[in-house]
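Order-wise, the sequence lines are chains P and L. With full-length UniProt numbering, you'll find the first sequence wraps up at 287, consecutive numbering, no jumps. With full-length UniProt numbering, you'll find the second sequence wraps up at 287, consecutive numbering, no jumps.
Be aware that one or more of the hints could be misleading.
The list makes no distinction among identical chains, and a pair is therefore deemed to hold if it is satisfied within one copy or across any two copies.
[Said to hold, decoys possible] Computed list of lysine-lysine pairs in BS3-like fashion (alpha-carbon distance at most 25 Å, straight line): (1) 187 / 236; (2) 173 / 240; (3) 94 / 286; (4) 192 / 236.
Read the hints as simulated data drawn from the structure, not as lab findings.
Number of protein chains: 2
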Amino acid sequence: MLLGSIEAGGTKFIAAVGDEHMNIIDTVTVPTTKPDETMEQISNFFSRYHLDALGVGSFGPIDVDEKSQTFGYITSTPKSFWRDYNFVGYLKQKLNVPVAWTTDVNAAGYGEYLLGNANGTESCLYLTIGTGIGGGFINKGQILNAFSHPEMGHVFIKRHPDDTFEGICPFHKNCLEGMASGPAVEKRWGKKGVELADQSFVWELEAYYLAQALISYTLILRPERIILGGGLMKQKQIFKLIRNEFHAMLNDYVEVPDLETYIQPVGLNDQAGIIGGLLLAKNKLKG
Amino acid sequence: MLLGSIEAGGTKFIAAVGDEHMNIIDTVTVPTTKPDETMEQISNFFSRYHLDALGVGSFGPIDVDEKSQTFGYITSTPKSFWRDYNFVGYLKQKLNVPVAWTTDVNAAGYGEYLLGNANGTESCLYLTIGTGIGGGFINKGQILNAFSHPEMGHVFIKRHPDDTFEGICPFHKNCLEGMASGPAVEKRWGKKGVELADQSFVWELEAYYLAQALISYTLILRPERIILGGGLMKQKQIFKLIRNEFHAMLNDYVEVPDLETYIQPVGLNDQAGIIGGLLLAKNKLKG
Chain P
1 MLLGSIEAGG TKFIAAVGDE HMNIIDTVTV PTTKPDETME QISNFFSRYH
51 LDALGVGSFG PIDVDEKSQT FGYITSTPKS FWRDYNFVGY LKQKLNVPVA
101 WTTDVNAAGY GEYLLGNANG TESCLYLTIG TGIGGGFINK GQILNAFSHP
151 EMGHVFIKRH PDDTFEGICP FHKNCLEGMA SGPAVEKRWG KKGVELADQS
201 FVWELEAYYL AQALISYTLI LRPERIILGG GLMKQKQIFK LIRNEFHAML
251 NDYVEVPDLE TYIQPVGLND QAGIIGGLLL AKNKLKG
Chain L
1 MLLGSIEAGG TKFIAAVGDE HMNIIDTVTV PTTKPDETME QISNFFSRYH
51 LDALGVGSFG PIDVDEKSQT FGYITSTPKS FWRDYNFVGY LKQKLNVPVA
101 WTTDVNAAGY GEYLLGNANG TESCLYLTIG TGIGGGFINK GQILNAFSHP
151 EMGHVFIKRH PDDTFEGICP FHKNCLEGMA SGPAVEKRWG KKGVELADQS
201 FVWELEAYYL AQALISYTLI LRPERIILGG GLMKQKQIFK LIRNEFHAML
251 NDYVEVPDLE TYIQPVGLND QAGIIGGLLL AKNKLKG
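Working from the sequences, and respecting the hints, build out all of it.
Put into structure tokens, the structure is as follows:
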């Protein structure tokens, strides 16, 4: 069995071919320019293989409603070349293969759920905290989508009493993404997160905001595990701070697993999205 | 077909017998005292009928994990007589009937989803805003439960710049429930909500907090409809305020249905929980 996977990001696309055991046979990375250019390179890459199915995790927002006329499209993205682009339609036409289609975070979450640090659980919340903040939730094997896919990085949080930063979200100013994304950290402190690794107050404040959001997600979704990925979560010292804040703020209101188990970094590192796409492709063949 | 329903609340239990068309044949209301007393009166009421199935929506927290040793129990409630009480076990022993078991808000949400103001949708978030704040989410016919059931009234929110009220949640002080529940309104203003009906600033502030939470729920769950019940939502003037705040704060970040359609009061009034229990009982016979 040969499976394809695309991790479609705002700056680059990664594509891979693998087998049903998740052995990766070939990969390519292509810059995100215009659909004509980027997608042609991707489809040329895949056309050398006879794929059985393809899984795509894309930047968004995207249309995931199978009953919609625009299912498989990227919709209202600020990247104008990609607005209202029929992503799945192009792939089906070029490659004539079943395509599983979801968001980048859902695909990465699916990878972590089945083969990463949420392996063995029944439900997993995956979050990426980097250029943006986004998340996906998988429960009993199903990715949560209802009216559309989640955009959970923009939840509201309470301000830390010592923090006067106004927030950078162009929509909500001081929502979670506006206060705690990579660009928010850089704007607040004047340096990138990676350059602030030894500044404990930076990570304490970051943990204060992330823990609040994790509590909201916990109370709404009740995941069995939370996996945190993305650039800022490479600062591994933050995990202890997040768990401590989470414990203090939740104040034992609901039962959660032991926090060392409950809140974990990614297990598949930068491969979560690509592996998730392969797993979604494999799953597509089942049903 | 004869179906039973129990709405098990912290101050009273309501039980009803109905048919598969949701015609209610008989009801009883019993004060919530001790399990021995309350449950005996409930089971005596039902024992006059030959029920095919029974649906229960209970105050919580409860154990909804069918694989758990304590499935069907009320668990860590502050009501000490009811702590670790085997609710479903008692009913099965007394009445020998299949029992569907969920939280009070999940049952009411299920009623609204199938026969109330979310009828015809694929996904519905139901919230009660009264003595406490709680919610349930139904998507494609399934009630969302993962590690356990949601407790979504305690999400964090940002403080209104003019509000100095410290909040009354014993766990989190200024979470949504601590700032916007019925007792929070009464503590902040010195009067019950119903006595403040003509004070527009009361409802503007209430809408400011509720709209934030509705945005968080929207971004995480992406429901097709939101139904708001509970005592405070009998102040119908608040719906317009909530929709206005929601529109302003979401700032068109994601697509949602027209807000008149999206955010609605209950359609089944005080019957949502009982009807939901009957529907859950009926559903139990299918699967």
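Here's how the hints hold up against the structure:
1. Taking the shortest Cα distances, residue 187 and residue 236 sit within 25 Å of each other inside one copy (21 Å), while across copies they are farther apart (43 Å).
2. Proximity of residue 173 and residue 240 under a CA criterion of 25 Å is satisfied inter-copy only: 24 Å between copies versus 28 Å inside one chain copy.
3. Taking identical chains as interchangeable, the C-alpha atoms of residue 94 and residue 286 lie at most 25 Å apart only when both belong to the same chain, with a minimum of 22 Å there against 44 Å between chains.
4. Taking identical chains as interchangeable, the C-alpha atoms of residue 192 and residue 236 lie at most 25 Å apart only when both belong to the same chain, with a minimum of 16 Å there against 48 Å between chains.
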